[in-house]
Amino acid sequence: MNPERKSGLGGLVARIGSDDVLLLLDRIAIAPVFFLSGRSKVEGLFTITDGTFELFRIEYALPLLPPVLAAWMATIAEHLFSTMLVLGLGTRMAAFSLLGMTAVIEIFVYPDAWPTHLTWAALLLPLVLRGGGRFSLYAVLTRSRPAR
Numbered sequence: 000m001n002p003e004r005k006s007g008l009g010g011l012v013a014r015i016g017s018d019d020v021l022l023l024l025d026r027i028a029i030a031p032v033f034f035l036s037g038r039s040k041v042e043g044l045f046t047i048t049d050g051t052f053e054l055f056r057i058e059y060a061l062p063l064l065p066p067v068l069a070a071w072m073a074t075i076a077e078h079l080f081s082t083m084l085v086l087g088l089g090t091r092m093a094a095f096s097l098l099g100m101t102a103v104i105e106i107f108v109y110p111d112a113w114p115t116h117l118t119w120a121a122l123l124l125p126l127v128l129r130g131g132g133r134f135s136l137y138a139v140l141t142r143s144r145p146a147r
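Residue 14 in numbering that gives the first Met the number 0 sits at position 15 of the sequence shown, with consecutive numbering throughout.
Honestly, the hints are just simulated from the structure, not real lab data.
Check the hints yourself; a few may be wrong.
Unchecked claim - Cβ pair distances, simulated, as ranges:
| no. | residue 1 | residue 2 | range |
| --- | --- | --- | --- |
| 1 | Val67 | Leu117 | 24 to 32 Å |
| 2 | Asp111 | Gly50 | 18 to 26 Å |
| 3 | Glu53 | Leu11 | 49 to 57 Å |
| 4 | Tyr109 | Leu24 | 47 to 55 Å |
In this text, a Cβ means the ideal position worked out from N, Cα and C, and glycines have one as well.
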C-alpha cells in the first residue's frame, strides 16, 4: 500500500480533488444569495418593481449612477452572474463582478454589514483566483479531445 495514499473520507476528497470540490461548494453557496436578491427586485419573469426603483432612489442612493440605471444594472447582474456561477461558465468574471457589487454595497449602502460582506468576499475570492474548477461547464467544454 502506498503510504501517501489516504483512506476513508480524506482519501476520497483527495482523490476527487479537494480544490475542485471546494470551488463547486463556493459556487453553490454564494450564487443563491445574489440570485434571490435579484428575484426580490422583480415581479414575474423580469419586470422590475416600483419598490425596487424607490429603494435605489431613496435608501441606496448610489453616487454617480442614476437610480433607474443602478436598479437595472443590479437586477441584471444578480440574475446573470449568479447563474453563471452555478453553471461554472465565466466563473472568474462573474465572481469578480459580484465581488465588485459587494464592495459597492459595503462602501456606499450598508457599511455596518461588513461581517456579511466579508463572508461573501471569502466565497467569491477563490472563484476569482482559481476559476470554477473541474466540476464546471467550462471544464467540460474545454476538455481536450483525443485526435481522430
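Item to complete: Using the beta carbons of Asp111 and Gly50, state whether their distance is inside 18 to 26 Å or not.
Response: At 23 Å between Cβs, range holds.
Worksheet item: Is the distance from the Cβ of Val67 to the Cβ of Leu117 consistent with 24 to 32 Å?
Response: At 30 Å between Cβs, range holds.
Worksheet item: Quick one: are Tyr109 and Leu24 within 47 to 55 Å, going by C-beta?
Response: violated (26 Å)
Discussion item. Looking only at beta-carbon atoms, does the pair Glu53, Leu11 fall within the given range of 49 to 57 Å?
Written reply: holds (51 Å)
Consistency note: the structure conflicts with earlier hint 4 alone.
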